[in-house]
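Colleague: Sequence:
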Amino acid sequence: MKKKYEIDMCSGSVFRKMLLFAIPLMCSSILQLLFNAADIVVVGRFAGDNALAAVGSNTALINLFTNLFIGLSVGTNVLTAQYYGAKKEADLRETVHTSMLLSIYSGVILTIVGVVGARFLLELMKAPSEVIGLAALYLRILFLGMPSMMVYNFGSAILRAVGDTKRPLYYLLGAGIINVILNLFFVIICQMGVAGVGLATVISQTISAALVVRCLMKEQGGIQLELKALSISKDKLAKILKIGLPAGFQGTVFSLSNVVIQSAVNSFGPIAVAGNSAASNIEGFVYMAMNTFYQATISFTSQNFGAKEYKRIYKILAAGEIYVIATGVILGNLAVFFGESLLRMYSSNAEVIAAGMARLRIICTIYALCGIMDVLVGALRGIGYSVIPMIVSLVGACGLRLVWIATVFQLPQYHSLTTVYLSYPITWTITLTVHAVTFALAARKVLRE
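Numbering (this note's numbering), first residue to last: 1 to 449.
Be aware that one or more of the hints could be misleading.
Stated by the list, open to error - Cut-off 27 Å, straight-line C-alpha distance, at most; resulting in silico cross-link-like pairs (DSS-like, lysine-lysine): (1) 445 <-> 315; (2) 308 <-> 17; (3) 218 <-> 87; (4) 87 <-> 166; (5) 311 <-> 87; (6) 88 <-> 242; (7) 166 <-> 218; (8) 242 <-> 315; (9) 234 <-> 17; (10) 87 <-> 308; (11) 88 <-> 315; (12) 311 <-> 242; (13) 445 <-> 218; (14) 315 <-> 228; (15) 218 <-> 228; (16) 445 <-> 88; (17) 308 <-> 234; (18) 234 <-> 88; (19) 87 <-> 242; (20) 315 <-> 87; (21) 88 <-> 308; (22) 88 <-> 17; (23) 311 <-> 88.
Read the hints as simulated data drawn from the structure, not as lab findings.
Model the full structure from these sequences, guided by the hints.
Modeller: Written out as C-alpha coordinates, the structure is:
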(Lines of atoms letter the chains of each structure in order from A and count residues from 1; the text may use other names and numbers.)
(Lines give C-alpha, C1' and ligand atoms only; values in the text may rest on other atoms or scores of the structure.)
Protein backbone atom coordinates (compact mmCIF):
# COMPACT_ATOMS: atom_id res chain seq x y z
CA MET A 1 0.00 0.00 0.00
CA LYS A 2 1.39 3.40 -1.05
CA LYS A 3 1.85 6.07 1.58
CA LYS A 4 0.36 9.53 1.00
CA TYR A 5 3.72 11.04 0.02
CA GLU A 6 4.62 8.28 -2.43
CA ILE A 7 3.74 7.86 -6.12
CA ASP A 8 3.08 4.50 -7.78
CA MET A 9 5.44 4.74 -10.74
CA CYS A 10 4.80 1.24 -12.11
CA SER A 11 1.14 1.57 -13.14
CA GLY A 12 -1.28 4.17 -14.47
CA SER A 13 -0.60 7.25 -16.59
CA VAL A 14 3.13 7.98 -16.96
CA PHE A 15 2.52 11.57 -18.12
CA ARG A 16 0.24 12.48 -15.21
CA LYS A 17 2.34 10.78 -12.52
CA MET A 18 5.63 12.17 -13.83
CA LEU A 19 4.13 15.66 -13.61
CA LEU A 20 2.91 14.99 -10.04
CA PHE A 21 6.42 13.81 -9.17
CA ALA A 22 8.15 16.68 -10.98
CA ILE A 23 6.20 19.69 -9.74
CA PRO A 24 7.30 19.50 -6.07
CA LEU A 25 10.83 18.60 -7.20
CA MET A 26 10.88 21.58 -9.57
CA CYS A 27 9.63 23.85 -6.79
CA SER A 28 12.40 22.49 -4.53
CA SER A 29 15.05 23.17 -7.16
CA ILE A 30 13.76 26.67 -7.90
CA LEU A 31 13.46 27.46 -4.19
CA GLN A 32 17.03 26.30 -3.65
CA LEU A 33 18.20 28.56 -6.43
CA LEU A 34 16.08 31.45 -5.17
CA PHE A 35 17.81 31.19 -1.83
CA ASN A 36 21.21 30.95 -3.56
CA ALA A 37 20.23 33.96 -5.66
CA ALA A 38 19.34 35.77 -2.45
CA ASP A 39 22.95 35.23 -1.36
CA ILE A 40 24.23 36.86 -4.54
CA VAL A 41 21.64 39.65 -4.60
CA VAL A 42 22.28 40.58 -0.97
CA VAL A 43 26.04 40.53 -1.33
CA GLY A 44 25.94 42.36 -4.69
CA ARG A 45 23.62 45.08 -3.44
CA PHE A 46 25.06 45.58 0.03
CA ALA A 47 28.72 44.56 -0.29
CA GLY A 48 29.62 45.69 -3.84
CA ASP A 49 30.66 44.23 -7.21
CA ASN A 50 33.92 42.75 -5.87
CA ALA A 51 31.98 40.78 -3.28
CA LEU A 52 29.55 39.68 -6.01
CA ALA A 53 32.46 38.51 -8.18
CA ALA A 54 34.03 36.74 -5.17
CA VAL A 55 30.88 34.71 -4.51
CA GLY A 56 30.16 34.05 -8.19
CA SER A 57 33.69 33.01 -9.11
CA ASN A 58 33.44 30.08 -6.67
CA THR A 59 30.45 28.40 -8.32
CA ALA A 60 32.35 26.35 -10.91
CA LEU A 61 34.99 25.35 -8.36
CA ILE A 62 32.46 24.22 -5.75
CA ASN A 63 30.62 22.19 -8.38
CA LEU A 64 33.88 20.60 -9.45
CA PHE A 65 34.40 19.08 -6.01
CA THR A 66 30.82 18.36 -5.01
CA ASN A 67 29.64 16.76 -8.26
CA LEU A 68 31.67 13.60 -7.76
CA PHE A 69 29.96 12.87 -4.44
CA ILE A 70 26.54 14.15 -5.50
CA GLY A 71 26.92 11.76 -8.44
CA LEU A 72 27.11 8.94 -5.90
CA SER A 73 23.62 9.93 -4.75
CA VAL A 74 22.45 9.02 -8.28
CA GLY A 75 23.65 5.50 -7.49
CA THR A 76 21.63 5.63 -4.27
CA ASN A 77 18.55 6.84 -6.15
CA VAL A 78 18.72 4.15 -8.84
CA LEU A 79 19.49 1.26 -6.46
CA THR A 80 16.83 2.30 -3.93
CA ALA A 81 14.21 2.64 -6.68
CA GLN A 82 15.09 -0.74 -8.20
CA TYR A 83 14.86 -2.57 -4.86
CA TYR A 84 11.66 -0.68 -3.98
CA GLY A 85 10.09 -1.61 -7.32
CA ALA A 86 11.18 -5.25 -6.85
CA LYS A 87 9.88 -5.22 -3.22
CA LYS A 88 13.21 -6.41 -1.80
CA GLU A 89 13.00 -5.00 1.74
CA ALA A 90 16.29 -6.36 3.13
CA ASP A 91 18.31 -5.06 0.18
CA LEU A 92 16.49 -1.73 0.41
CA ARG A 93 17.36 -1.37 4.11
CA GLU A 94 21.06 -2.10 3.49
CA THR A 95 21.11 0.45 0.64
CA VAL A 96 19.62 3.20 2.83
CA HIS A 97 22.08 2.73 5.69
CA THR A 98 25.10 2.36 3.42
CA SER A 99 24.09 5.51 1.53
CA MET A 100 23.65 7.71 4.58
CA LEU A 101 26.99 6.70 6.10
CA LEU A 102 28.63 7.24 2.70
CA SER A 103 27.16 10.75 2.62
CA ILE A 104 28.83 11.61 5.93
CA TYR A 105 32.22 10.32 4.79
CA SER A 106 31.87 12.24 1.51
CA GLY A 107 31.09 15.49 3.30
CA VAL A 108 34.07 15.19 5.65
CA ILE A 109 36.46 14.57 2.75
CA LEU A 110 35.12 17.61 0.90
CA THR A 111 35.46 19.81 3.98
CA ILE A 112 39.12 18.91 4.45
CA VAL A 113 40.00 19.44 0.77
CA GLY A 114 38.07 22.72 0.49
CA VAL A 115 39.28 24.35 3.69
CA VAL A 116 42.94 23.45 3.16
CA GLY A 117 43.20 24.17 -0.57
CA ALA A 118 40.84 27.12 -1.10
CA ARG A 119 43.30 29.86 -2.06
CA PHE A 120 45.57 27.55 -4.06
CA LEU A 121 42.61 26.32 -6.13
CA LEU A 122 41.41 29.86 -6.81
CA GLU A 123 44.90 30.84 -7.94
CA LEU A 124 44.90 27.91 -10.37
CA MET A 125 41.63 29.29 -11.77
CA LYS A 126 43.24 32.72 -12.21
CA ALA A 127 40.63 34.42 -10.05
CA PRO A 128 41.04 38.23 -10.29
CA SER A 129 43.49 39.51 -7.68
CA GLU A 130 40.92 42.09 -6.55
CA VAL A 131 38.59 39.37 -5.25
CA ILE A 132 40.77 36.35 -4.45
CA GLY A 133 40.96 37.08 -0.71
CA LEU A 134 37.18 37.40 -0.35
CA ALA A 135 36.63 34.38 -2.61
CA ALA A 136 38.95 32.18 -0.52
CA LEU A 137 37.17 33.22 2.71
CA TYR A 138 33.75 32.43 1.22
CA LEU A 139 34.96 29.09 -0.15
CA ARG A 140 36.38 27.93 3.20
CA ILE A 141 33.17 28.75 5.06
CA LEU A 142 31.02 27.05 2.44
CA PHE A 143 33.06 23.84 2.57
CA LEU A 144 32.46 23.61 6.32
CA GLY A 145 28.84 22.83 5.44
CA MET A 146 29.62 20.00 3.04
CA PRO A 147 28.68 17.12 5.44
CA SER A 148 25.21 18.65 5.81
CA MET A 149 24.91 19.20 2.07
CA MET A 150 25.81 15.58 1.33
CA VAL A 151 23.42 14.18 3.98
CA TYR A 152 20.56 16.23 2.50
CA ASN A 153 21.34 15.14 -1.08
CA PHE A 154 21.59 11.43 -0.27
CA GLY A 155 18.51 11.54 1.97
CA SER A 156 16.51 13.32 -0.73
CA ALA A 157 17.68 10.75 -3.29
CA ILE A 158 16.20 7.99 -1.11
CA LEU A 159 12.88 9.82 -0.79
CA ARG A 160 12.75 10.55 -4.55
CA ALA A 161 13.33 6.87 -5.27
CA VAL A 162 10.01 5.98 -3.61
CA GLY A 163 8.18 8.87 -5.26
CA ASP A 164 8.30 11.37 -2.38
CA THR A 165 9.25 14.82 -3.66
CA LYS A 166 6.92 16.80 -1.38
CA ARG A 167 8.68 16.56 1.98
CA PRO A 168 12.11 17.61 0.64
CA LEU A 169 10.28 20.67 -0.74
CA TYR A 170 8.88 21.52 2.69
CA TYR A 171 12.30 21.12 4.32
CA LEU A 172 13.98 23.33 1.74
CA LEU A 173 11.32 26.00 2.16
CA GLY A 174 11.83 26.17 5.91
CA ALA A 175 15.63 26.13 5.72
CA GLY A 176 15.66 28.62 2.83
CA ILE A 177 13.56 31.19 4.68
CA ILE A 178 16.02 30.99 7.54
CA ASN A 179 18.85 31.40 5.03
CA VAL A 180 17.39 34.64 3.65
CA ILE A 181 16.76 36.07 7.12
CA LEU A 182 20.32 35.23 8.21
CA ASN A 183 21.72 36.70 4.97
CA LEU A 184 20.08 40.03 5.66
CA PHE A 185 21.10 39.95 9.33
CA PHE A 186 24.76 38.99 8.78
CA VAL A 187 25.38 41.20 5.73
CA ILE A 188 23.31 44.34 6.46
CA ILE A 189 23.20 44.42 10.26
CA CYS A 190 26.50 42.72 11.13
CA GLN A 191 28.39 43.99 8.03
CA MET A 192 30.00 40.57 7.55
CA GLY A 193 29.97 40.65 3.71
CA VAL A 194 30.78 37.36 1.97
CA ALA A 195 31.49 35.68 5.33
CA GLY A 196 27.91 36.38 6.41
CA VAL A 197 26.48 34.91 3.20
CA GLY A 198 28.62 31.79 3.60
CA LEU A 199 27.67 31.33 7.26
CA ALA A 200 23.95 31.73 6.51
CA THR A 201 24.23 29.05 3.81
CA VAL A 202 25.98 26.57 6.12
CA ILE A 203 23.39 27.04 8.88
CA SER A 204 20.45 26.56 6.48
CA GLN A 205 22.07 23.44 4.94
CA THR A 206 22.46 21.94 8.40
CA ILE A 207 18.78 22.55 9.15
CA SER A 208 17.61 20.90 5.90
CA ALA A 209 19.90 17.90 6.52
CA ALA A 210 18.55 17.46 10.06
CA LEU A 211 14.97 17.52 8.75
CA VAL A 212 15.67 14.85 6.12
CA VAL A 213 17.36 12.60 8.70
CA ARG A 214 14.41 13.04 11.07
CA CYS A 215 12.02 12.16 8.23
CA LEU A 216 13.86 8.94 7.37
CA MET A 217 14.03 7.93 11.02
CA LYS A 218 10.23 8.21 11.29
CA GLU A 219 9.61 6.12 8.15
CA GLN A 220 8.40 2.52 8.20
CA GLY A 221 9.68 -0.44 6.21
CA GLY A 222 12.85 -0.68 4.15
CA ILE A 223 13.66 3.02 3.94
CA GLN A 224 13.52 3.61 7.70
CA LEU A 225 16.83 4.99 9.00
CA GLU A 226 18.20 3.77 12.33
CA LEU A 227 21.33 5.60 13.42
CA LYS A 228 22.65 2.59 15.33
CA ALA A 229 22.33 0.49 12.16
CA LEU A 230 24.51 2.80 10.05
CA SER A 231 27.10 0.62 8.36
CA ILE A 232 28.67 -0.01 4.98
CA SER A 233 27.45 -3.08 3.09
CA LYS A 234 30.24 -3.97 0.65
CA ASP A 235 27.77 -5.41 -1.85
CA LYS A 236 25.50 -2.33 -1.83
CA LEU A 237 28.45 0.07 -1.80
CA ALA A 238 29.85 -1.66 -4.90
CA LYS A 239 26.51 -1.30 -6.69
CA ILE A 240 26.13 2.35 -5.67
CA LEU A 241 29.65 3.06 -6.89
CA LYS A 242 29.05 1.18 -10.15
CA ILE A 243 26.18 3.52 -11.01
CA GLY A 244 27.16 6.62 -9.05
CA LEU A 245 30.89 6.90 -9.78
CA PRO A 246 30.46 7.28 -13.55
CA ALA A 247 27.69 9.83 -12.91
CA GLY A 248 29.87 11.65 -10.39
CA PHE A 249 32.96 11.48 -12.56
CA GLN A 250 30.95 12.84 -15.48
CA GLY A 251 29.68 15.70 -13.31
CA THR A 252 33.20 16.41 -12.09
CA VAL A 253 34.66 16.53 -15.58
CA PHE A 254 31.75 18.69 -16.71
CA SER A 255 32.60 21.02 -13.85
CA LEU A 256 36.27 20.85 -14.82
CA SER A 257 35.35 22.02 -18.29
CA ASN A 258 33.27 24.78 -16.67
CA VAL A 259 36.30 25.74 -14.56
CA VAL A 260 38.21 26.14 -17.83
CA ILE A 261 35.30 28.22 -19.15
CA GLN A 262 35.35 30.27 -15.93
CA SER A 263 39.09 30.80 -16.31
CA ALA A 264 38.50 32.06 -19.85
CA VAL A 265 35.83 34.45 -18.55
CA ASN A 266 38.14 35.54 -15.72
CA SER A 267 40.65 36.73 -18.31
CA PHE A 268 38.21 39.51 -19.30
CA GLY A 269 38.29 41.08 -15.80
CA PRO A 270 35.96 41.63 -12.81
CA ILE A 271 33.10 43.18 -14.84
CA ALA A 272 32.86 40.12 -17.11
CA VAL A 273 33.12 37.82 -14.06
CA ALA A 274 30.31 39.67 -12.25
CA GLY A 275 28.08 39.64 -15.36
CA ASN A 276 28.78 35.98 -16.02
CA SER A 277 28.06 35.14 -12.36
CA ALA A 278 24.70 36.92 -12.37
CA ALA A 279 23.66 35.42 -15.74
CA SER A 280 24.73 31.94 -14.62
CA ASN A 281 22.53 32.31 -11.57
CA ILE A 282 19.50 33.22 -13.71
CA GLU A 283 20.35 30.44 -16.15
CA GLY A 284 20.46 28.05 -13.20
CA PHE A 285 16.71 28.44 -12.69
CA VAL A 286 16.04 27.18 -16.21
CA TYR A 287 18.54 24.36 -15.86
CA MET A 288 17.18 23.12 -12.53
CA ALA A 289 13.60 23.23 -13.85
CA MET A 290 14.71 21.02 -16.76
CA ASN A 291 16.83 18.84 -14.48
CA THR A 292 13.63 17.94 -12.63
CA PHE A 293 12.67 15.73 -15.58
CA TYR A 294 16.12 14.13 -15.63
CA GLN A 295 15.57 13.18 -11.97
CA ALA A 296 12.02 12.00 -12.70
CA THR A 297 13.23 9.89 -15.63
CA ILE A 298 15.86 8.19 -13.43
CA SER A 299 13.39 7.35 -10.64
CA PHE A 300 10.55 6.20 -12.93
CA THR A 301 12.85 4.16 -15.17
CA SER A 302 14.64 2.54 -12.20
CA GLN A 303 11.43 1.49 -10.43
CA ASN A 304 9.92 0.06 -13.60
CA PHE A 305 13.17 -1.70 -14.41
CA GLY A 306 13.17 -3.27 -10.93
CA ALA A 307 9.50 -4.28 -11.33
CA LYS A 308 10.25 -5.71 -14.83
CA GLU A 309 7.79 -3.29 -16.47
CA TYR A 310 10.16 -2.81 -19.38
CA LYS A 311 7.71 -1.54 -22.00
CA ARG A 312 6.81 1.48 -19.84
CA ILE A 313 10.40 2.69 -20.17
CA TYR A 314 9.72 4.08 -23.67
CA LYS A 315 6.67 5.97 -22.38
CA ILE A 316 8.78 7.37 -19.53
CA LEU A 317 11.44 8.64 -21.95
CA ALA A 318 8.80 10.20 -24.23
CA ALA A 319 7.13 11.97 -21.30
CA GLY A 320 10.47 13.21 -19.95
CA GLU A 321 11.53 14.63 -23.33
CA ILE A 322 8.20 16.35 -24.02
CA TYR A 323 8.21 17.99 -20.60
CA VAL A 324 11.87 19.02 -20.74
CA ILE A 325 11.57 20.57 -24.22
CA ALA A 326 8.52 22.61 -23.18
CA THR A 327 10.25 23.73 -19.98
CA GLY A 328 13.51 24.66 -21.70
CA VAL A 329 11.93 26.57 -24.58
CA ILE A 330 9.48 28.54 -22.43
CA LEU A 331 11.66 29.35 -19.43
CA GLY A 332 14.87 29.82 -21.46
CA ASN A 333 13.35 32.43 -23.74
CA LEU A 334 11.55 34.16 -20.87
CA ALA A 335 14.97 34.50 -19.17
CA VAL A 336 16.29 36.27 -22.27
CA PHE A 337 13.20 38.47 -22.70
CA PHE A 338 13.32 39.69 -19.09
CA GLY A 339 17.11 39.40 -18.87
CA GLU A 340 18.03 43.02 -18.30
CA SER A 341 15.41 43.48 -15.59
CA LEU A 342 16.53 40.28 -13.87
CA LEU A 343 20.21 41.23 -14.05
CA ARG A 344 19.46 44.60 -12.40
CA MET A 345 18.51 42.62 -9.30
CA TYR A 346 22.16 41.57 -9.05
CA SER A 347 23.91 44.78 -10.09
CA SER A 348 23.03 48.29 -11.21
CA ASN A 349 26.27 48.53 -13.24
CA ALA A 350 25.37 48.81 -16.96
CA GLU A 351 28.56 47.01 -18.00
CA VAL A 352 27.81 44.08 -15.71
CA ILE A 353 24.29 43.85 -17.15
CA ALA A 354 25.62 43.92 -20.74
CA ALA A 355 28.11 41.15 -19.92
CA GLY A 356 25.34 39.07 -18.39
CA MET A 357 23.05 39.49 -21.42
CA ALA A 358 25.84 38.28 -23.72
CA ARG A 359 25.67 34.91 -21.94
CA LEU A 360 21.87 34.70 -21.64
CA ARG A 361 21.22 35.37 -25.35
CA ILE A 362 23.44 32.51 -26.49
CA ILE A 363 22.76 29.84 -23.87
CA CYS A 364 19.17 30.28 -22.70
CA THR A 365 17.59 30.66 -26.16
CA ILE A 366 18.30 27.01 -27.03
CA TYR A 367 18.77 25.63 -23.52
CA ALA A 368 16.27 22.84 -24.27
CA LEU A 369 19.10 21.00 -26.06
CA CYS A 370 20.81 20.48 -22.71
CA GLY A 371 17.58 19.14 -21.19
CA ILE A 372 17.05 16.66 -24.05
CA MET A 373 20.59 15.37 -23.51
CA ASP A 374 20.13 14.98 -19.75
CA VAL A 375 16.82 13.08 -19.98
CA LEU A 376 18.45 10.55 -22.33
CA VAL A 377 21.23 10.09 -19.76
CA GLY A 378 18.62 9.60 -17.01
CA ALA A 379 16.88 6.86 -19.00
CA LEU A 380 20.18 5.07 -19.63
CA ARG A 381 21.14 5.18 -15.95
CA GLY A 382 17.71 3.94 -14.92
CA ILE A 383 18.21 0.70 -16.88
CA GLY A 384 21.65 0.20 -15.38
CA TYR A 385 23.87 1.84 -18.01
CA SER A 386 26.10 4.41 -16.33
CA VAL A 387 29.54 4.03 -17.90
CA ILE A 388 28.42 4.46 -21.52
CA PRO A 389 26.62 7.81 -21.01
CA MET A 390 29.61 8.97 -18.97
CA ILE A 391 32.01 8.23 -21.84
CA VAL A 392 29.73 9.83 -24.44
CA SER A 393 29.26 12.95 -22.30
CA LEU A 394 32.95 13.28 -21.48
CA VAL A 395 34.02 13.02 -25.10
CA GLY A 396 31.09 14.87 -26.66
CA ALA A 397 30.38 17.67 -24.21
CA CYS A 398 33.50 18.09 -22.10
CA GLY A 399 36.25 17.05 -24.50
CA LEU A 400 34.96 19.10 -27.41
CA ARG A 401 34.37 22.09 -25.13
CA LEU A 402 37.97 22.00 -23.92
CA VAL A 403 39.23 21.63 -27.50
CA TRP A 404 37.10 24.64 -28.49
CA ILE A 405 38.66 26.82 -25.78
CA ALA A 406 42.17 25.59 -26.61
CA THR A 407 41.81 26.22 -30.35
CA VAL A 408 39.03 28.49 -31.66
CA PHE A 409 39.00 30.77 -28.59
CA GLN A 410 42.75 31.30 -28.88
CA LEU A 411 42.47 32.78 -32.39
CA PRO A 412 42.69 36.61 -32.16
CA GLN A 413 39.59 37.18 -34.30
CA TYR A 414 37.50 34.86 -32.08
CA HIS A 415 38.94 35.76 -28.67
CA SER A 416 35.68 36.96 -27.11
CA LEU A 417 33.02 36.04 -24.57
CA THR A 418 30.67 35.12 -27.43
CA THR A 419 33.11 32.44 -28.59
CA VAL A 420 33.35 31.07 -25.05
CA TYR A 421 29.58 30.75 -24.73
CA LEU A 422 29.07 29.20 -28.19
CA SER A 423 30.92 26.12 -26.95
CA TYR A 424 27.79 25.09 -25.02
CA PRO A 425 25.10 24.70 -27.74
CA ILE A 426 27.57 23.17 -30.19
CA THR A 427 28.61 20.40 -27.78
CA TRP A 428 25.04 19.77 -26.54
CA THR A 429 23.86 19.07 -30.09
CA ILE A 430 26.61 16.58 -30.83
CA THR A 431 26.30 14.77 -27.49
CA LEU A 432 22.51 14.37 -27.42
CA THR A 433 22.60 12.81 -30.90
CA VAL A 434 25.01 10.10 -29.74
CA HIS A 435 23.00 9.54 -26.52
CA ALA A 436 19.84 8.96 -28.56
CA VAL A 437 21.52 6.25 -30.64
CA THR A 438 23.02 4.68 -27.51
CA PHE A 439 19.65 4.51 -25.73
CA ALA A 440 17.93 2.94 -28.74
CA LEU A 441 20.53 0.16 -28.80
CA ALA A 442 20.59 -0.34 -25.00
CA ALA A 443 16.79 -0.41 -24.60
CA ARG A 444 16.42 -2.92 -27.44
CA LYS A 445 18.98 -5.16 -25.70
CA VAL A 446 17.11 -4.94 -22.37
CA LEU A 447 13.78 -5.83 -24.00
CA ARG A 448 15.35 -8.72 -25.90
CA GLU A 449 16.86 -10.14 -22.68
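Colleague: Look at each hint and say if it fits the structure.
Modeller: Hints and how they fare:
1. 445 <-> 315: holds (17 Å)
2. 308 <-> 17: Between residue 308 and residue 17 the Cα gap is close to 18 Å, so the pair holds against 27 Å.
3. 218 <-> 87: holds (20 Å)
4. 87 <-> 166: holds (22 Å)
5. 311 <-> 87: Cα-Cα ~19 Å, so holds.
6. 88 <-> 242: holds (19 Å)
7. 166 <-> 218: The given pair, whose Cα atoms are some 16 Å apart, holds under the 27 Å limit.
8. 242 <-> 315: At roughly 26 Å apart (the allowed maximum being 27 Å), residue 315 and residue 242 satisfy the hint.
9. 234 <-> 17: violated (34 Å)
10. 87 <-> 308: Holds, because 12 Å separates the two Cα atoms, which is no more than 27 Å.
11. 88 <-> 315: At roughly 25 Å apart (the allowed maximum being 27 Å), residue 315 and residue 88 satisfy the hint.
12. 311 <-> 242: holds (25 Å)
13. 445 <-> 218: Between residue 445 and residue 218 the Cα gap is close to 40 Å, so the pair fails against 27 Å, i.e. violated.
14. 315 <-> 228: violated (41 Å)
15. 218 <-> 228: holds (14 Å)
16. 445 <-> 88: holds (25 Å)
17. 308 <-> 234: holds (25 Å)
18. 234 <-> 88: holds (17 Å)
19. 87 <-> 242: holds (21 Å)
20. 315 <-> 87: holds (22 Å)
21. 88 <-> 308: holds (13 Å)
22. 88 <-> 17: holds (23 Å)
23. 311 <-> 88: Cα-Cα ~21 Å, so holds.
Consistency with the previously given hints fails for numbers 9, 13 and 14, ordered from lowest to highest.
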